[in-house]
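> Listed below, chain by chain, are the residues.
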Amino acid sequence: MVYYLKRMDWWLLAALLALVVLGVLFVYSASYRGEGIPVGTDYQKQILWAVLGIGVFLIVALIDYHWLGKCSWLLYAGALVLLVLVLVIGETRSGATRWISLPGFDIQPSELAKLGTLLALARFLSLTATDPRRLYVVALAGVISFVPFLLIFVEPDLGTAAVLVPLTACLLFVAGVPMRILCFLVVLGLLALPLGYQVLDDYQQDRIEVFLNPDSDPLRDGWTRRQSQIAVGSGGLTGKGYLSGTQNVLGFLPRSVAPNDFIYSVIAEETGFVGAALVLALYAAVLLCAFRAALVSRDKLGRFLSVGVATIIFSHVFVNIAMTIGLMPITGLPLPLVSYGGSFMVVTMCGLGIVQSVYVRRARA
Amino acid sequence: MRGSRREKVASDVVRARVLLGLMLLAFGVLAVSLYNVQVSSTSKYETALDRQSMRRIRMPGMRGQILDRNGGVFADNRPSYNVAIFLEELRLVDIKISETLETLRPIVGYPASAGEEEVVDHVHKLKPLPLMAWRDLDEAALARFAEQCSMIPGADIQVEAVREYPQGALASHVIGYVGRSNMVHDVRRPFHYYADEMVGKSGIEKQFDGVLRGRAGGRLMQVDVEGFHREDIAVDPPEPGSDVQLAIDIKIQEYVEEELQDTVGSAVIVDPRNGDILAMASAPSFDPNMIVPYITTESWNSIIENPDHPLLNRAIQGSYTPGSIVKPIVALAGLENGKLDPEYIVHCPGHFMLGSQKFGCWLTYGHGDMDLSGAIQNSCNVYFFTAGLSMGREYIVHMSHAVGLGRRTGIGIGGERAGLVPDAAWKRERYGESWWDGDTCNLSIGQGPITVTPLQMALMTAAIANGGTLYRPRLVQGVRAPGGEMFQELPVTVENRLAWSQSSLDVIRKAMFKTVMSPRGTGRNAAVPGVEIAGKTGTAEFGPKALGKKRGWMIAFAPFDEPRYAVAMVLDHAATGGGADVGPRLRRIFGKIFQVEVSESAPGVGHG
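Residue numbers (this note's numbering), protein chains in the order written: chain A, 1 to 365; chain B, 366 to 973.
These are computed hints drawn from the structure, not numbers from a lab. Heads up, the beta-carbon is just placed ideally off N, CA and C, and yes, glycines get one too. Mixed in with the good hints, there may be bad ones.
Have a look at the derived ranges for each label pair, beta carbon to beta carbon [claimed, not checked]:
id : chain 1 : residue 1 : chain 2 : residue 2 : range
1  : A       : S244      : B       : V600      : 18 to 28 angstroms
2  : B       : L387      : A       : L191      : 30 to 40 angstroms
3  : B       : V458      : A       : P254      : 50 to 60 angstroms
4  : A       : L58       : B       : A391      : 25 to 35 angstroms
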C-alpha cells in the first residue's frame with residue numbers, strides 16, 4: 001500500500017480534486033438567484049456525486065487495468081445492452097431518449113458506452129495478433145465504435161455520439177495505423193458530413209444553422225449562445241465576483257443549462273479570464289498526467305487506455321468551451337468533473353482511475 | 366525483428382507525443398479566443414448586457430405652485446396614497462396578482478381602481494414598475510391598510526403628488542388644469558418607462574408647463590430575463606418646478622365671479638398702470654379638481670353637454686359684438702383727426718335716414734339735440750351715425766386697430782380670439798360686395814360684423830383711463846425658482862402708445878364720467894357713493910333680429926383721477942341692456958373693491 005501510494009500520480013489527484021471543488025462551487029452559483037431566494041438542491045447532489053466519483057477513482061486506481069482489459073468485451077457488451085435498453089424503456093425528455101430511470105437517480109447509458117467502447121478498442125488494438133497496418137484491423141476497430149455510435153445517435157445524442165469519432169481516430173493514430181489510411185478515413189469522413197447533415201433532426205440542423213448565422217434565431221439556441229457569449233465577454237479580466245454573475249443571476253443564461261452545459265459560462269463571468277484560464281490550465285494538467293501515464297506505461301493496453309481517456313476528456317473540454325465562447329455550435333457536451341450531472345462524473349472518474357492504475361503499474365524507471 | 370519492434374514502440378511514443386502536442390495547441394487556441402472575448406472585447410459585451418438588463422425610467426419633477434399676486438394658492442400638490450403591488454415580490458412567493466387584489470379588497474373596502482385590463486396591460490408593458498392597484502385611498506382605508514399591509518407580501522403604500530386646486534372653480538379658465546401626458550414608448554427615446562407625469566392641458570398650467578414642470582429625473586434599474594425589477598442601480602433625483610405668481614388678486618377675482626354666478630358672461634379687470642390682469646372670469650366655469658387627476662365619464666359629459674360651454678374662456682375666446690362701448694373710440698378717431706367738433710350739435714329724432722334705409726336710435730322717440738358729451742352719456746346712435754359718416758370708415762378702422770381690436774392681445778393662454786374689425790377689403794373678400802355707408806353706420810355704433818373679446822375691451826378701457834398706453838396684458842407677474850425666495854418679475858410690455866391729445870381725452874373721459882355719475886347717464890347703475898367712476902354701457906344685438914337677442918356690456922375705470930382699475934364686463938343674454946343688467950354688477954364689484962357699503966335697493970343714486 002505504501003508502495004502504491006508512493007507511485008501514485010499526486011498531480012492528477014490534485015488537479016481533479018481542484019476541478020471537482022470548482023464544479024460544486026459553481027453549480028451552487030449557477031443555482032443562485034439572489035439574496036433571500038432559496039438556492040436549489042443541485043449543488044448538494046453534485047457534492048454527493050463528487051464524493052462518489054472520487055471513491056470510484058480510488059477503487060478503479062487500485063484495480064489492475066489488465067483485469068479490466070480482460071473484462072473489456074463483457075463491459076462493452078453490457079454497455080451495448082444498456083444502449084438498446086434505453087431505446088426500449090428509456091425516458092424521453094424534450095425529444096431525446098437518453099435516460100433510464102432508476103429509483104433515486106437516472107443513468108445515461110451513453111456515458112457508460114464511452115468507457116465500454118474505449119476498453120474494447122484499447123483491448124482490441126493491443127492484442128499481439130492485431131497488426132495496425134492491416135486494413136481489416138482498422139475496419140474492425142471501426143465496427144467496434146460504430147455500433148455504439150449508431151445507438152447513441154438515434155437516441156438522439158449527437159454530441160456524445162460524436163465523441164466516439166475522435167476517440168477512435170486518436171486510438172488508431174497512436175496504435176500506429178499508417179497515415180495514408182488515416183488520411184483516407186479523414187477524407188471519407190469529410191465527404192460523409194453533408195450526408196450526415198441530412199440525417200440530422202430538424203433541431204440539430206437548427207443548431208448548426210444558428211451557429212453559422214447567430215442572429216437568425218435570437219430566442220432559441222441562438223439566444224443561449226448569445227447569452228453565453230455576453231456572460232463570458234462581460235466577465236472581463238477578473239470577473240464580477242462569486243455569486244455576482246449578472247447573466248446567470250438574472251436568468252438571461254437559461255437556468256436549465258447554466259449548471260451543466262454552460263457551467264463554464266458562469267465560471268468565466270464570475271471569475272473572468274483569470275479564472276477561466278485557470279480551469280483550462282487544470283484540464284491541461286489532467287491531459288499531461290494522462291499522457292505521462294501513457295508514455296510510461298509498461299504495455300500498449302495501458303498506453304491506449306490512457307490516451308483514450310485523455311481524448312474523451314479533451315473532446316468534452318474543447319467542444320464545451322468552444323461552444324461556450326461561441327466558436328462551435330451548441331452540442332450539449334458537459335464539462336468533465338465540473339458540470340452538474342452524475343453519470344458523466346462517475347464515468348470520468350472511472351476513466352481517470354484507469355489512468356492512475358496505469359501510472360501506478362508503470363515500468364520501473 | 367527486434368529492431369522493427371523497437372521502432373514501432375518508438376513510433377507509439379512519438380505519435381502519443383504528437384497527439385498531446387495537438388491537444389495542448391487546441392487548448393492554446395481556446396485560451397487565445399477566450400482572451401479575445403473576455404479581455405479584448407469586454408466593453409462590447411458589457412454594452413450588450415446593459416442593453417438587455419438595464420431599464421431607465423423617467424420620473425417627473427414636482428410641479429410648481431400657481432399663486433395669486435398676494436401669495437394665495439391657486440394650484441398646489443397634495444400627497445395621494447396609493448396601494449402599490451410589486452410584481453417581483455409576488456413572484457418570489459408565487460402569488461397571483463388577482464389573489465393579492467382579492468386579499469386586499471376587504472382591507473381597503475372597495476374594488477381596486479386598476480381594472481382587469483389595466484392589470485394585464487401593466488404586466489405586459491410595465492413589469493418592472495409597481496402596479497398602482499388603488500389610487501388615492503381615503504383616510505379610513507389608508508388607516509386599515511397601514512395596520513394590515515405588513516402581512517401581505519408585495520403590497521405597499523406609495524405616495525404620489527396629485528395636483529390640487531384649493532380655490533376650486535375660481536379663475537379656473539386662467540389656471541387651467543393638468544392631464545396625464547401621453548409619452549410614447551418610442552425605442553429611440555432614452556427612457557424605457559415613464560412614471561405618471563402630469564402635463565398642463567389648458568390655461569397657465571399649459572402655457573407655463575415648461576416652467577412649472579421642473580426637470581425630470583430618472584432611475585436606472587436592473588431587470589431579470591423575465592423583465593421583473595431586481596434592483597435600482599442609480600437614481601437621478603428630479604428637480605421641482607418653479608412657482609408662478611399671477612397678477613390676479615384672489616379677492617377681486619372672487620368679487621367678479623360672484624357677480625357672474627347666475628349668468629353667462631365674462632369680465633376682465635386690468636390695472637391701467639401696467640396691464641396687470643387683476644381678474645379674469647368666464648361663466649359658467651368648472652372645478653378643475655373634478656378633472657384632476659381623473660375625470661369620470663359623467664362629469665366629462667356634464668361639462669361637454671352643457672350648452673353654455675363651461676370650458677370656454679369667454680374673456681379671450683368669446684367673440685362679442687361690442688355695441689356702444691366702442692363709441693368713445695369712434696369719437697376719439699374723429700377728434701384726433703379733426704373730423705369731429707365736440708361742440709357740434711346733432712339732432713336725434715330717434716332714427717337716421719341713409720337714403721331710403723332707416724337706422725334707428727335705441728331711444729325711439731329721439732334724444733333731441735346732442736353734443737358729443739351728451740351723445741356718449743346717452744349713447745345716442747344718430748349722433749354717431751352722423752359722426753361716422755362725416756369722418757369715414759378709415760379713421761374708425763385705424764383707431765380700432767390702434768387700441769388693439771382685431772388682433773390677439775398676446776396674453777399667452779391658449780385659444781385667444783383676435784376678434785374682427787371689418788373694412789372694405791374684408792367685406793369684398795367675405796361677401797364679394799363693396800363697402801357702403803350703411804356699413805360705416807353700423808361700425809360707428811359697434812354693430813355689424815365687428816367682434817371683440819372682453820379682454821380687448823378691458824385693455825381699451827385701460828388705455829382711455831391711463832391716457833393712451835395700450836399694454837400687453839400681464840397675467841403672470843413673476844416666476845420663482847424652486848427653493849428661491851424672490852420672484853423674478855416678468856416685464857411690463859407696452860403694445861402701443863397712442864398720442865392722443867389731452868383735450869380729446871378730456872372730452873371723452875368727462876363724458877364717460879358723466880355716463881356713470883350723472884343721474885341720467887346710461888351707466889348710472891354702476892355708481893358707487895364716494896368713488897369716481899367713468900364708464901360706458903353697450904347693448905349689442907346679435908343673431909336674427911326677430912329673436913331680439915342682446916349682449917349687455919359695460920366698460921368702466923376708477924378712480925377717475927388716478928385710475929387703478931379698468932373693467933369690461935359682458936353678459937351673453939341681457940334682459941334689458943348694459944346699463945340695467947351689467948351696471949349693478951359693476952357697482953357691487955367696485956363697491957367691494959373700494960370697501961364701500963352698497964345699497965342693493967337704491968340703484969343709480971349718484972353722489973351728492
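> If a hint holds in the structure, say so; if it doesn't, say that too.
Each hint, compared with the structure:
1. S244/A / V600/B: 18 to 28 angstroms: Check passed, 21 angstroms falls within 18 to 28 angstroms.
2. L387/B / L191/A: 30 to 40 angstroms: Violated, at about 23 angstroms.
3. V458/B / P254/A: 50 to 60 angstroms: Given range 50 to 60 angstroms: violated, Cβ gap about 23 angstroms.
4. L58/A / A391/B: 25 to 35 angstroms: Given a distance of about 30 angstroms, which is inside 25 to 35 angstroms, the answer is holds.
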